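Participant: Below are the chains, spelled out letter by letter.
Number of protein chains: 4
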Amino acid sequence: MTKEKARIKFALFGAGFIGKIHGANIARHSQAELAYIYDVNTEAAEQLAVQLGAKVAASPGEIWGSNVDAVLIASSTNTHADLLNGAIDACKPIYCEKPIDLDMNRVKAVVQQAQKTDLPILVGFSRRFDSNHLGIREALQNGEIGKLEMMHITARDPKPPLLSYVKVSGGQFRDQTIHFFDMLRWLAGEDPVEVYAAGASLVDPAIGEAGDVDTSMLILKFASGALCHINCSRRADYGYDERVELFGSKGMAISRRKPRREVTFYKGVSVVSDGLHPGWFERMEPTFYRALDTFIQAVEGKNAEYPTLIDGLKAQIIAEAAVESLRTNQPVKINYWSPEQ
Amino acid sequence: MTKEKARIKFALFGAGFIGKIHGANIARHSQAELAYIYDVNTEAAEQLAVQLGAKVAASPGEIWGSNVDAVLIASSTNTHADLLNGAIDACKPIYCEKPIDLDMNRVKAVVQQAQKTDLPILVGFSRRFDSNHLGIREALQNGEIGKLEMMHITARDPKPPLLSYVKVSGGQFRDQTIHFFDMLRWLAGEDPVEVYAAGASLVDPAIGEAGDVDTSMLILKFASGALCHINCSRRADYGYDERVELFGSKGMAISRRKPRREVTFYKGVSVVSDGLHPGWFERMEPTFYRALDTFIQAVEGKNAEYPTLIDGLKAQIIAEAAVESLRTNQPVKINYWSPEQ
Amino acid sequence: MTKEKARIKFALFGAGFIGKIHGANIARHSQAELAYIYDVNTEAAEQLAVQLGAKVAASPGEIWGSNVDAVLIASSTNTHADLLNGAIDACKPIYCEKPIDLDMNRVKAVVQQAQKTDLPILVGFSRRFDSNHLGIREALQNGEIGKLEMMHITARDPKPPLLSYVKVSGGQFRDQTIHFFDMLRWLAGEDPVEVYAAGASLVDPAIGEAGDVDTSMLILKFASGALCHINCSRRADYGYDERVELFGSKGMAISRRKPRREVTFYKGVSVVSDGLHPGWFERMEPTFYRALDTFIQAVEGKNAEYPTLIDGLKAQIIAEAAVESLRTNQPVKINYWSPEQ
Amino acid sequence: MTKEKARIKFALFGAGFIGKIHGANIARHSQAELAYIYDVNTEAAEQLAVQLGAKVAASPGEIWGSNVDAVLIASSTNTHADLLNGAIDACKPIYCEKPIDLDMNRVKAVVQQAQKTDLPILVGFSRRFDSNHLGIREALQNGEIGKLEMMHITARDPKPPLLSYVKVSGGQFRDQTIHFFDMLRWLAGEDPVEVYAAGASLVDPAIGEAGDVDTSMLILKFASGALCHINCSRRADYGYDERVELFGSKGMAISRRKPRREVTFYKGVSVVSDGLHPGWFERMEPTFYRALDTFIQAVEGKNAEYPTLIDGLKAQIIAEAAVESLRTNQPVKINYWSPEQ
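Chains as they are written, first to last, in our numbering: chain A, 1 to 341; chain B, 342 to 682; chain C, 683 to 1023; chain D, 1024 to 1364.
Treat the hints with care, since some could be wrong.
When the alpha-carbon atoms are kept at most 25 Å apart in a straight line, the in silico SDA-like pairs for lysine to any residue are as follows [what the hints assert, rightly or not]:
hint	chain 1	residue 1	chain 2	residue 2
1	D	Lys1290	A	Pro278
2	C	Lys932	D	Pro1301
3	D	Lys1281	B	Arg631
4	A	Lys267	C	Ser931
5	C	Lys932	D	Glu1232
6	B	Lys508	A	Gly225
7	A	Lys250	B	Arg348
8	A	Lys258	C	Arg942
9	B	Lys488	A	Arg235
10	A	Lys267	D	Ala1233
11	C	Lys691	A	Glu33
12	B	Lys439	B	Phe358
13	A	Lys159	D	Lys1290
14	C	Lys932	D	Ala1233
15	D	Lys1281	B	Lys396
16	C	Lys940	B	Arg598
17	A	Lys258	A	Trp280
18	A	Lys258	C	Pro960
19	C	Lys932	D	Lys1290
20	D	Lys1043	B	Arg631
21	C	Lys849	C	Gly817
22	B	Lys599	A	Glu262
23	B	Lys488	A	Leu163
24	A	Lys258	D	Ser1293
25	B	Lys643	B	Arg348
26	C	Lys829	D	Glu1232
27	A	Lys250	B	Lys500
28	D	Lys1290	B	Arg597
29	D	Lys1290	A	Trp280
30	B	Lys599	C	Lys940
31	A	Lys159	B	Lys591
32	A	Lys267	B	Pro600
33	A	Lys147	B	Arg584
34	D	Lys1182	C	Asn824
35	B	Lys396	D	Ala1233
36	A	Lys55	C	Gly698
37	D	Lys1273	C	Glu891
38	D	Lys1281	B	Phe622
Simulated from the structure, these hints should not be mistaken for laboratory data. Since we're looking at a predicted model, the values are computed, not measured.
Excised from the complex, chain A in its bound form (with noise of 0.2 Å):
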């Protein structure tokens, strides 16, 4: 099949930093189109849609009247949600980053919403396409390591964000912890019952004076019995450090750190080699291929497995546990919310 055929005409929200990578994603996949970019920065926007070949939307409503077949959302957070809407009203799937909103009530709004309909939204938890955290996944769902028992995560980023950042980002677990709440229920087939969380400022006491933690240990236990840890720092001095741990009645199967280059130093009493890479964009940058173009199979019809708006919900409503958690120093028990069908 020659590329000119029946390829999906995408719109993209936001030219920043991750809307680029979308962007330049959408251009290079052989059964997508980039017809549109809208950015509230129309500089941006324009910028962004020279370099791709595409045109910038004067609005959000210029694209929901339009014959775009799907929509990215890679704006700002507070964007999410009304886009989304949009989106839903207009019937264009849609690729949205996470999270979803940081107030839970609009993300319970646009998860009802959405149950009108039946389209393809993919939410982007995107280390769920990472091939070695899929590795240990498949090894578990096989039977090859036997029962889940225990699951360990650590997630380290090299540096804080910036302070202002930190303020508005919900703190520590609704902005960082959170990718790994969705990717345990995603990796154990099962929902956690209860977290216990513990925090600290240890990195940089003015984000303790912010009210936040940038140091935290997890406990959170399934229905099943299996126990789950996770750690997060806002700061690993050797790079960004992501790596998770299956325990089961027959075996481990570890996702290990992935070194920047295979090489490796003997030099006096020392062994060298590579540290981890610089930041998690490098690490993780393959994974958002693979999620657009595991979106693209949806929209074209295709059997495709993807994180849902249920996902991304269920990750927030952890954070929420997690939160609460950590502000009495008490286990709480998870309630999950369902819309209304």
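On the provided structure of chain A, position chains B, C and D as indicated by the hints.
Facilitator: Structure of chains B, C and D alone, referenced to chain A:
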């Protein structure tokens, strides 16, 4: 110096599995000599005595009245307190296997009694003598990884003990995890102030019916704000798994798994290496000789760092708090007890 | 800079496997544009042209006369020399897949002709662009491992090529090992002066009957006294195995195997990780884009280091000496040839 | 069984570094007993005798006439042949350190004399008792990697020996590489038929001036067509480096480097682990006890596989061929010599 002169004469209590290890180590240490063995099982004592060239003592009293320079207590746990008391009264330096006693009041009484003397008393937390664990502790103490922020300890036995043993062991925290309650204090250089414990019986329901857990995760908080995770299982399909990770402000230090051999096979799509040791003993065997050697230095009046009765007491106090946390599903403050001076 | 301006117009010769790779890389490079494709298989050329948005050239002549800025020669080996001559006459910078030609006289004639011009001509030894190999070369050049004393190159393909190909390939040294004859010069920064080669047909007796070997070991001597070992196999049960080790007076640098994923399983007595890539292409794929990028920098007049026609010639001269050594079972001095200036 | 019964009485020749190792191993082996020590340095013999509870023999003759059951020859190389002869005449089983003698005629004479008897005679190629090397040999023998096609042996000492020793050592091949000439026969299960050797003095020019090399590479051919590479250096900045790789038709087996500890540091852009052992002894130390244990089994009439005088002879014959190849820069056929039956 030749072996004939000035060797320290030892009496050994206990001719079981661990007593045999200690006996053989004493026998091959150039500064030590095994003079007496006592065991309620006279036959076992006699066999070991013949093998190692020692005499059998008819009673502990014979040892207290003898010219032995030091005693090594490797008999069953319920005899430890009495033998400690006897040895303290007889002014014999003591190497005592852990735990001191399962009854905290008896532990405190021994600690109180020992205050009267400055005899070297080493409690057998042998993991303090593992070269890997020593390596990461040294790195932390030297400032190589900055200030400690998170610690992770993984401790998984290949197989659960006999159910009959589980029932009298005091439970997973007092029996298995206690080694790591000691280790975390020794590594961190500070005492934890609070513990939260979660657990389940996933390995064997009979362990749960006996009121114990076989799979557990704990979070301990230090006053400095640093956090410590421990996970314990009574069963690991793949062998004895003990690992420690120290995460600091300037880097991370890991005491890794120890493979049985350095042999690797490349076959088809896989790279296959040797797995872990079949049991804790194969992994930890070299630590017993090093602990003995350290004790001998202490007996000879040299500077030596080793786990003391107070260390033994503190590990047990943490274990009690963990048991309480598991029972109540609440974080529990750890109240240390000090003997009157 | 937007993609619209000043992009380098390329003509591509060859629409086969490797031509498609180069074509796609040109198409996605922001400073390049694929203008023409030529292949004697017109249908293949047309399909690729539609897919990448290029025109089909009716003949090489159409390209020589066109406004293309550079050519990429990825057609079959026997066409290289003529196309190189054509491009040199037409003053088009050239990226040419290796080898230049199997006939040394034709190679020398091309090299001689290229002396007349200073066009960038890159010969496709793409391993020079592998980040691992680059890493150890840089370490050697920076003095991190002292003076080079020994080099080890392992080069094993997963499967032998078709016997029909083996027969016209020039043999293992001219076809497979030649990449590493180039690599050792590039890594060492000096030319080998003598080669001894041993070989056998252990993989497939038919290869031996065709007068070739499939398993070989070589020792090459440098004037500095440093020694180089190469081992090559036409078959490795466990995937594509390419590794390099540089041993110097102050340490060792290794460009290790590259696993497919960073996933590890602990099961029973084994630790099982992912093996190697299924083939050389999966391992080396990123090098093609980097080589193209370097060529583009050169075409734009920027400083760029790349394998030249002289490098291509020298690798072939070493291969000829190795063939001679294998035939005679004698070490053979390597006599380099220089074009008249 | 207790230690008192039926222990094998040993006489030890040599109270130097390696003699002390053997002496201590005999002393701690439950089936052995150290009865006599002989050394021309009477003081050294006496010190070791006091330490290990043995008697000093006034002369070898005292030992031949004594009731000792076996002898261990760890004295200087030039005494080996006479002591071997003496022990054979006295019908004492022999553990003899390598080499038998530097003079091939004396070696052959000893081998010839030993034909008269079926005494166990073990030549100290202790690497045959390394658990890693044993592991890959077993895999090859069990068919796990198919038929052997290539073998790679890396053997690098941390530091060159004293120049005075180099001059009398017989040179790198007879002194250092000889261990690996034995190892390759033992691993392959067949004798090499031809050797090509290249070498240089890169570590220390004085070694070259003394007529020796310190850096060498060899290719050995087996009759089966399999090829073997050895590289040797007298100096490795990063410690004692010994590795073996077996490449077969169905896979590869590697006996890897052995790290000092399993400790890893993540700091900045690097991952730093422990390097290699400081010397061959730290790496190979456990093999001496295992070799002794095997010898004891043989003396007790049990089935035991060990390196024999014939193995010692063959390794020296290969070394002679390698020396000849280095001298002539020609591959040299290896002509094995057999004693008359």
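Participant: Indicate, hint by hint, whether the structure satisfies it.
Facilitator: Hints, verified against the model:
1. Lys1290(D) <-> Pro278(A): holds (12 Å)
2. Lys932(C) <-> Pro1301(D): Roughly 15 Å between the alpha carbons, so the hint for Lys932(C) and Pro1301(D) holds.
3. Lys1281(D) <-> Arg631(B): holds (21 Å)
4. Lys267(A) <-> Ser931(C): Holds. Lys267(A) to Ser931(C) sits at ~10 Å (cutoff 25 Å).
5. Lys932(C) <-> Glu1232(D): holds (22 Å)
6. Lys508(B) <-> Gly225(A): Holds - the C-alpha atoms of Gly225(A) and Lys508(B) are around 21 Å apart, at most 25 Å.
7. Lys250(A) <-> Arg348(B): Distance of about 49 Å is beyond 25 Å: violated.
8. Lys258(A) <-> Arg942(C): Given that 25 Å is the threshold and the Cα spacing comes to 11 Å, the pair holds.
9. Lys488(B) <-> Arg235(A): holds (13 Å)
10. Lys267(A) <-> Ala1233(D): Answer violated: Lys267(A) to Ala1233(D) is near 29 Å, above 25 Å.
11. Lys691(C) <-> Glu33(A): holds (23 Å)
12. Lys439(B) <-> Phe358(B): holds (14 Å)
13. Lys159(A) <-> Lys1290(D): Holds. Lys159(A) to Lys1290(D) sits at ~14 Å (cutoff 25 Å).
14. Lys932(C) <-> Ala1233(D): Satisfied, since the Cα-Cα distance of roughly 24 Å is no more than 25 Å.
15. Lys1281(D) <-> Lys396(B): violated (41 Å)
16. Lys940(C) <-> Arg598(B): Given pair Lys940(C), Arg598(B) holds - Cα atoms ~22 Å apart, limit 25 Å.
17. Lys258(A) <-> Trp280(A): holds (11 Å)
18. Lys258(A) <-> Pro960(C): holds (20 Å)
19. Lys932(C) <-> Lys1290(D): Given pair Lys932(C), Lys1290(D) holds - Cα atoms ~22 Å apart, limit 25 Å.
20. Lys1043(D) <-> Arg631(B): holds (22 Å)
21. Lys849(C) <-> Gly817(C): violated (36 Å)
22. Lys599(B) <-> Glu262(A): Holds, because 22 Å separates the two Cα atoms, which is no more than 25 Å.
23. Lys488(B) <-> Leu163(A): holds (22 Å)
24. Lys258(A) <-> Ser1293(D): This hinted pair holds, its Cα atoms lying about 13 Å apart.
25. Lys643(B) <-> Arg348(B): Roughly 15 Å separates the two Cα atoms, so the pair holds.
26. Lys829(C) <-> Glu1232(D): Satisfied, since the Cα-Cα distance of roughly 20 Å is no more than 25 Å.
27. Lys250(A) <-> Lys500(B): holds (12 Å)
28. Lys1290(D) <-> Arg597(B): Measuring from Cα to Cα gives roughly 16 Å; hence the hint holds.
29. Lys1290(D) <-> Trp280(A): holds (17 Å)
30. Lys599(B) <-> Lys940(C): Holds, at about 23 Å.
31. Lys159(A) <-> Lys591(B): holds (12 Å)
32. Lys267(A) <-> Pro600(B): holds (23 Å)
33. Lys147(A) <-> Arg584(B): Satisfied, since the Cα-Cα distance of roughly 22 Å is no more than 25 Å.
34. Lys1182(D) <-> Asn824(C): Between Lys1182(D) and Asn824(C) the Cα gap is close to 24 Å, so the pair holds against 25 Å.
35. Lys396(B) <-> Ala1233(D): violated (60 Å)
36. Lys55(A) <-> Gly698(C): violated (35 Å)
37. Lys1273(D) <-> Glu891(C): The given pair, whose Cα atoms are some 22 Å apart, holds under the 25 Å limit.
38. Lys1281(D) <-> Phe622(B): holds (21 Å)
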